[in-house]
Amino acid sequence: MCTLEKRGDLFLLTLTGDDEHRFHPDTISSVLSLLEQAKSQSTRGSVLITTAHGKFFSNGFDLAWAQAAGSQTGAVNRMHQMVESFKPVIAALFDLPMPTIAALNGHAAASGLMFALSHDYVFMRNDRGVLYMSEVDLGLPLPDYFAAMFAAKIGTSIARRELLLSGKKIKGEEAVALGIVDSAAHDSVEGVVDATVSLGQSLAAKKWNGEVYASIRKSLYPGLCAMLSLTAKIAASP
Amino acid sequence: MCTLEKRGRLFLLKLTGDGEHRLNPTLLDNIRSAITQIRSDPSSSQSVLITTSDGKFFSNGYDLALAASDPPLRAVMAAKLQSLVADLISLPMPTIAAVTGHASAAGFLLAMSHDYILMRRDRGFLYMSELDIELVLPAWFMSMIRMKVVSPAAKRDVALTAEKITADRGLEMGIVDSSHGSAGETVEAAVKLGEEIVRRGADGHVYGRMRETLLREVLHAIGSNESASNGVRNSGSKFWSSSWRTSTWSAFLLLPRCVGRSARF
Numbered sequence: 001m002c003t004l005e006k007r008g009d010l011f012l013l014t015l016t017g018d019d020e021h022r023f024h025p026d027t028i029s030s031v032l033s034l035l036e037q038a039k040s041q042s043t044r045g046s047v048l049i050t051t052a053h054g055k056f057f058s059n060g061f062d063l064a065w066a067q068a069a070g071s072q073t074g075a076v077n078r079m080h081q082m083v084e085s086f087k088p089v090i091a092a093l094f095d096l097p098m099p100t101i102a103a104l105n106g107h108a109a110a111s112g113l114m115f116a117l118s119h120d121y122v123f124m125r126n127d128r129g130v131l132y133m134s135e136v137d138l139g140l141p142l143p144d145y146f147a148a149m150f151a152a153k154i155g156t157s158i159a160r161r162e163l164l165l166s167g168k169k170i171k172g173e174e175a176v177a178l179g180i181v182d183s184a185a186h187d188s189v190e191g192v193v194d195a196t197v198s199l200g201q202s203l204a205a206k207k208w209n210g211e212v213y214a215s216i217r218k219s220l221y222p223g224l225c226a227m228l229s230l231t232a233k234i235a236a237s238p
Numbered sequence: 001m002c003t004l005e006k007r008g009r010l011f012l013l014k015l016t017g018d019g020e021h022r023l024n025p026t027l028l029d030n031i032r033s034a035i036t037q038i039r040s041d042p043s044s045s046q047s048v049l050i051t052t053s054d055g056k057f058f059s060n061g062y063d064l065a066l067a068a069s070d071p072p073l074r075a076v077m078a079a080k081l082q083s084l085v086a087d088l089i090s091l092p093m094p095t096i097a098a099v100t101g102h103a104s105a106a107g108f109l110l111a112m113s114h115d116y117i118l119m120r121r122d123r124g125f126l127y128m129s130e131l132d133i134e135l136v137l138p139a140w141f142m143s144m145i146r147m148k149v150v151s152p153a154a155k156r157d158v159a160l161t162a163e164k165i166t167a168d169r170g171l172e173m174g175i176v177d178s179s180h181g182s183a184g185e186t187v188e189a190a191v192k193l194g195e196e197i198v199r200r201g202a203d204g205h206v207y208g209r210m211r212e213t214l215l216r217e218v219l220h221a222i223g224s225n226e227s228a229s230n231g232v233r234n235s236g237s238k239f240w241s242s243s244w245r246t247s248t249w250s251a252f253l254l255l256p257r258c259v260g261r262s263a264r265f
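Chains as they are written, first to last, in our numbering: chain A, 1 to 238; chain B, 1 to 265.
Bear in mind the hints are in silico, worked out from the structure with no lab data behind them. Incorrect hints may appear among the rest.
Said to hold, decoys possible - With the Cβ distance kept under 10 angstroms, some of the chain A side facing chain B (calculated, not the full set):
id	residue
1	Gly155
2	Gln201
3	Leu203
4	Lys206
5	Ser219
Glycine included, every Cβ here is placed at the ideal spot set by N, Cα and C.
Could you put together the complete structure from these sequences and hints?
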């Protein structure tokens, strides 16, 4: 399902297997526990890189599992359960005392895109993979913290409209032009992973204090962090 | 420490000498007196302020060595800078920072407290150094960064990558308005821009109130910081009452500025 590997200063979190890496209560709790592991092992110069195998980075919540509840109420409850239990995963990424980089091997949709955007740097491929907020097409409203993420991380109203209201499937080049990802200059999985490893190593070399880093990160997104019940641990000097 | 010169309708505030222009209590007091002098000038509502410096540095931030030797001074410098920035935000005239040297941390913040940043491209960088020296950024700094650095990637590059930003990179990021070949050319361009603004004839009082409204979040962050005491509340914050009476036609006077950097506010 997912693994955490250490390569020198770099933590590599991988969603394994050739499937859609949908977020289901089990995946959510595995990812959360690996993030907690990375946090407990972090030192100066640690960096997290997150990637996945196959055609998908993640295709969002496990809607099939929700529908398997057998009733409308049951399905809604399961959806709600996933939305609520996913919040700590996002919070854990914002709280992580090290720089974070998402290396998108493939498609990132809905909560899968949220997962990607929770990283400090996002790289994707230019030959494969789209970014897609499927909610408008599926008739699902956005959870409040999803909306707050878009306000925080996507800078122009045009980009937000394209993703959230137009339901556009955005490829690498356009994602860079819209300012959604940092780079899409890679035409293979190896290319994107190598580029993130390279960035990771240059960030690791700064030997930053992880607690200070996380504190500065959280203060960049106060609205979203308040919603995730995150506060800066270090009292800011005036 | 700093000098104030009047050139026609332009006020030229210069941080003098070849040092780092560290924002210690004395320099901050000198700058604030210069601003008070500017406010009391009868032609101030038809003027422009240009802030620049001598030497290799615009300002290298707070005097951290002084704070290390006398810890209470850290809060004093912070209070005085907040007071100065509140003063600049309410100043009844457009402000231009002619950045001819490095601007780091509080020095970068000081540059950002101006409406326009013109910078030399051959030397010098803007640098939010806090992460590199293991300091957290104060909430009111973050508020200014959020207001003035709009794209999420650029905000991250400023605060979380602690990038050393050259003039041309600053242009790309939407932080710098224009870049110039040398210190002299930067100041000349600032003077030219200042004269152009004066020719437009906007009412400085209206301008100042508009800026207060636009940067209201920063003023709130400054005002709610407990270590910044009475000095802040007294420094020209009339934004509560009079902004709403500002007539809409005067908003058009700010339009060319906003269109040119539409993402700024």
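So, going through the hints one by one against the coordinates:
1. Gly155: 4 angstroms, holds
2. Gln201: 14 angstroms, violated
3. Leu203: 8 angstroms, holds
4. Lys206: 7 angstroms, holds
5. Ser219: 5 angstroms, holds
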